[in-house]
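Chains as they are written, first to last, in full-length UniProt numbering: chain A, 1 to 388; chain B, 1 to 388; chain C, 1 to 388; chain D, 1 to 388.
Quick caveat, the hints were computed from the structure, so don't treat them as lab data.
All figures in this text were calculated on a predicted structure; none of them were measured in a lab.
Some hints here could point you the wrong way.
Remember, identical chains collapse to one label, so a pair may be satisfied in a single copy or spanning two.
[Said to hold, decoys possible] Computed list of lysine to aspartate or glutamate pairs in EDC-like fashion (alpha-carbon distance at most 20 Å, straight line):
no. : residue 1 : residue 2
1   : Lys380    : Glu367
2   : Lys380    : Asp20
3   : Lys220    : Glu98
4   : Lys317    : Glu37
5   : Lys317    : Asp161
6   : Lys106    : Asp383
7   : Lys50     : Glu367
8   : Lys106    : Asp374
9   : Lys220    : Asp155
10  : Lys340    : Glu37
11  : Lys136    : Glu88
4 protein chains.
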Amino acid sequence: MTSRTGRHFLQIPGPTNTPDQVLRAMSAPTIDHRGPEFAALTVRLLDIVKPVFGTSGPVVIYPASGTGAWEAALVNTLSPGDRVLCFETGHFATLWQEMATSLGLKVDFVPGDWRHGADPEELARRLTADTKNAIKAVCVVHNETSTGVTSRIADLRAALDAAGHPALLLVDTISSLGSIDYRHDEWGVDVTVAGSQKGLMLPPGLSFNAVSEKALAAAKTARLKRSFWNWEPIIEANRRGFFPYTPATNLLYGLSEALGMLDAEGLPQVYARHARHAAATRAAVHGWGLEVLCADEREYSGSLTAVLLPDGHDADKVRRIILERFDMSLGAGLGRLAGKIFRIGHLGHFNDLTLAGTLAGVQMGLELSGVPVDPAGLGKALDVLRTP
Amino acid sequence: MTSRTGRHFLQIPGPTNTPDQVLRAMSAPTIDHRGPEFAALTVRLLDIVKPVFGTSGPVVIYPASGTGAWEAALVNTLSPGDRVLCFETGHFATLWQEMATSLGLKVDFVPGDWRHGADPEELARRLTADTKNAIKAVCVVHNETSTGVTSRIADLRAALDAAGHPALLLVDTISSLGSIDYRHDEWGVDVTVAGSQKGLMLPPGLSFNAVSEKALAAAKTARLKRSFWNWEPIIEANRRGFFPYTPATNLLYGLSEALGMLDAEGLPQVYARHARHAAATRAAVHGWGLEVLCADEREYSGSLTAVLLPDGHDADKVRRIILERFDMSLGAGLGRLAGKIFRIGHLGHFNDLTLAGTLAGVQMGLELSGVPVDPAGLGKALDVLRTP
Amino acid sequence: MTSRTGRHFLQIPGPTNTPDQVLRAMSAPTIDHRGPEFAALTVRLLDIVKPVFGTSGPVVIYPASGTGAWEAALVNTLSPGDRVLCFETGHFATLWQEMATSLGLKVDFVPGDWRHGADPEELARRLTADTKNAIKAVCVVHNETSTGVTSRIADLRAALDAAGHPALLLVDTISSLGSIDYRHDEWGVDVTVAGSQKGLMLPPGLSFNAVSEKALAAAKTARLKRSFWNWEPIIEANRRGFFPYTPATNLLYGLSEALGMLDAEGLPQVYARHARHAAATRAAVHGWGLEVLCADEREYSGSLTAVLLPDGHDADKVRRIILERFDMSLGAGLGRLAGKIFRIGHLGHFNDLTLAGTLAGVQMGLELSGVPVDPAGLGKALDVLRTP
Amino acid sequence: MTSRTGRHFLQIPGPTNTPDQVLRAMSAPTIDHRGPEFAALTVRLLDIVKPVFGTSGPVVIYPASGTGAWEAALVNTLSPGDRVLCFETGHFATLWQEMATSLGLKVDFVPGDWRHGADPEELARRLTADTKNAIKAVCVVHNETSTGVTSRIADLRAALDAAGHPALLLVDTISSLGSIDYRHDEWGVDVTVAGSQKGLMLPPGLSFNAVSEKALAAAKTARLKRSFWNWEPIIEANRRGFFPYTPATNLLYGLSEALGMLDAEGLPQVYARHARHAAATRAAVHGWGLEVLCADEREYSGSLTAVLLPDGHDADKVRRIILERFDMSLGAGLGRLAGKIFRIGHLGHFNDLTLAGTLAGVQMGLELSGVPVDPAGLGKALDVLRTP
């Protein structure tokens, strides 16, 4: 019996469940983007958005989805033929380096098994070998949305520092920002790439570059062609509260509301909540007798968990049954993981009982799909949730 | 750790979780309640509202909450000093007969233990004894929201018929309409009282009287004073699509949307869904080793389940812990049941995973409150939900 | 060419154009009406609602439309057969006295020409003649929505005081509250009747009784039957932040938002705005060479203006042409005024340019209907609006 | 007296007043952009969006604002160093050619006086002179938002055809699509650039490229670097109902609603409505004794009107007074027109009475600013509006 009443469980790792107060905020009438009311909004937003990035520097907001902010990070800082070092942590890291190649950069792509994050020791080796500083930028996906593995940015930074290498550090936080502790300034990140539709609890359509002094300096000489993504006129216009072209006003209303919610909860509490939900989810997975894709417990993701199915079981079939029977969307295995895993998003506007419902649905779906699981799994998650 | 992110679990037995499409429908601008667009809306609504009552007769819609529709049922059909027979099925039945007394009626209140519905055999006895037809109306609460017990209206009707007694049959369906099978015409009900905020999935603010021919005839001679509640001018104005005073236009928009949703799902499917969720809930309660308040399985409610706590445990403490820790509202024990039970609403816009989350929260809350429960309870509910 | 794009102009004298922020506020999920969050909302609302009534005493809020609050005012304070004095100021005054009669009261209905308010001198005469204090209450409609005439409550109070007569003073402010200066306490009103859908800028569905000490005392001995409308249990439950039956929660959210908007603008500014828009409207009417229905300039309404058409012209035809051609709803002539007048609402969430558009539509509609008007009328209104 | 009650008059030439039903549609929960429900939405949208472009070919939708779609049109079809011919019709034409230069193209910028559209005869001369077909693309802004001048695309196409020149024709319809008759296929346009926030009645955040066969062929060899804007993977993924990266789901909901509204009104009626409102606006401007910026009546814009102020008067002061006194936003003079003109938007979700209110506000604002105007102007507009 298909149940399509009640609220859909959108438990993909983003877009996440937009809080209804954010949707309401976004329903306010669009205002004149060249008027005084808009200017006041912009100035305030550009200020209150900083803590979630852990920066005191400029944050550029694009009326575009996150993939655009990847492009912005590259075209503002690099020149044709520049060498960039990318880590194959999963599907999205693979797409980002493909983009870099498309834009005319030369990519060194460090191979990976899609179960680990970017390896700080391998980074150290690569940088040490690069005696001529040919590498202009290191690109890392903080939280691989395709695998549920969180790279250790602080350790990667330490490797750069130890090597005394001048490469820029570009980090994608699309599925970590607002969910997993992140520190643009403290970790010496040069460009942080983010999107609206995950931890920021908004619909897709806004993306971000937090930009270091060093990245701004690089932008002055970078020769990749750019216009829409060009930081300079945006930062210049932002000073007066405006944008050089029409901004996504209604999403900015939502951003204001969402940032207020994160601030009210407190960022440390937000991060702890995500970590706790991730721990409860892993407790269920292990309780079922299944394997979490992430192979290094230091790299467990706070925002999603990828579950590896035993050989001979089709993860997409499990997802389809769960969608049909329980009206819940889960993330598919992407690229080389297709059919082998499914991904449970537990990020954004989320709470204990929604997680319990989610895990109950996963457990029932696994059982209905014939995947052998120990039904004690759900109880293991509740053990975590019951503990304050 | 208190979690106030994500959606609140509103699992009281009403008001229920209004679907967001209903809330959006209600956000449309108020229109002229004397204009042609409004008239078309009214005419359509008064037609499509009938199936949910199981009637082909008139349904009167009040811009008022359900308690007002109780009053309307009485003042339109009865005269000062008339005798009415009421059954003490719980808190709301008690309030309704208090209202009858306040309005100048004489009430025979058949005592009950708050664990059973109105007894058809007792009704038969009372009617048989009433050789002079002093009883002018029989008032029954179909689904006692305070106890989770559903009276068997068809059997009560049969008792009236068997006795050949002319009393009117007035039935409160506030927490059953749109959730539990109900048949105004087939069961010979004279006035069905309903409200918007339960199975109809709307916020509170609308209430209803479905009215039989016999009730309309009674209204012609009934002498209780009435004006706001008076059926006659409403039914008269409704013919042209209007109301004699300002209607609750935006709730009518929501009603249109909600009735469309019920129709799309299909009323038999709606009732089956509620029954299935009720069965899953009882499976959990019994699995925990606790007792369901309803003592007769023929009278189990499809829309809510009242859970009896073991002696020495305070149900309000359990509810408070669940609210604080898991952001879920449950119904309190009312009147003589205060502190002894809590009530789980599983009606309206609701689905399997929300129920699973609800029951997970109840289970954890019971454990945290020190109530001895078998944690296998939740799994028993999942066994029901997993079955198509 | 019919234009049904853009926003409909809802210029009836209520329901008024609900501000979109109020509609958004009303879209928040319904909460548990017996929980702590609701209690806090109620306590705050019952406090901040007082200034708009000009009272420091209790305000009773009903989950019902305004007509119900008329009934409440009568049944809480009076006994069967009590004599009440009503003034025939128009259609709604006529309906209210009909209700009083229906409820078992004896009505002295002072005849009127529907162009004047309640006459303080006539009141004085009536009270003086009533040497035995047979009159228990005087009922007055502050602002007659059917005529656009505002009775002078302070002068009526003075007449009561001068006569030393103990009758209660019951005042309907349905289309004046929040639009026209009103002072429940200062004017010694005993029950003020109000609704949500006019100056309070909400959809219909809430109504109000502001209640004096004297009215509360009268309620203790009043013998009209009452239950739903009974003040006592409501005021009692309100003390703890609750209601004795399910309140219209989402409208209460809207009320909170709307009261905040009135407070932000400032009540004196709100009243001045309405007076200014009324003056501009009359300037247009007089400029067109037409007559305002209200015959005494001391009684011009701030919230609506009724326009009298020359003999031989059908006001309903004018309204129909305006609705079809310009998508604007105007108020019809009611009762004896049917076809002779139309009414322009200029109350609630409203501003200069919406009034200018409204008056432009009226002017064009009059011209298209063949009513002889001087097109300089609109400019006369702009002369008023242009003046700060 | 500043009036900030009632609805703001957003009469800039975009973003326009989003209909509340579109805002409500956008408030629906974000769904899985890789699930079957989304696929069905995409397939339907990509079909129903075609008529508004007048095309049967593919339309690419970007989760980005209109400026991005300018960039997309260039980078998908051209190679570094390619020559493009642009017409200086105003501020936005100037910005577009600056972008082309930034992206590595060589721009021939035909000078203009900002009061005329692109000149078909000048185009003919330029093409005839280009015997080696060095010009790879002709870029034209259909409706110059900065001036209110609409270039005659059909005549430009005829010039291209007459010259037998193979250059691509790229047309910006950001402020004309959905407001002014436009025919991508019939006029042989190769890339039509559009945005969501004008005639499509949405908030900003979506943009479009309608693409001809010839443009698709050009894309195969075009060597400007591209990734985010690359048509190919989008068109490829669209076949199955998906996007290669996260789409702006909620704006797509709004697009579906808005396209339904345009279809219900009928595109010819939509264009006629805009033309009629533009005519009424010009009647007012001429009636005031002022000059419309557009110097050629064949090129009058249906979506906005720029009003030239007499020497010695500051248009920004007029706009400021109108914003402060009447809560209406008008468009500023941009670039070389700063202070000399203001622009009245009369496009999108709009109707006669809103235009009347708008023009009343402009007239009063001009008077208050000391600009000599004949107050008969408004009446001239009403003469147009009164005519069916």
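Violations among the numbered hints, reported as their numbers in ascending order: Hints 2, 5, 6, 7, 8, 9 and 10 contradicted; others consistent.
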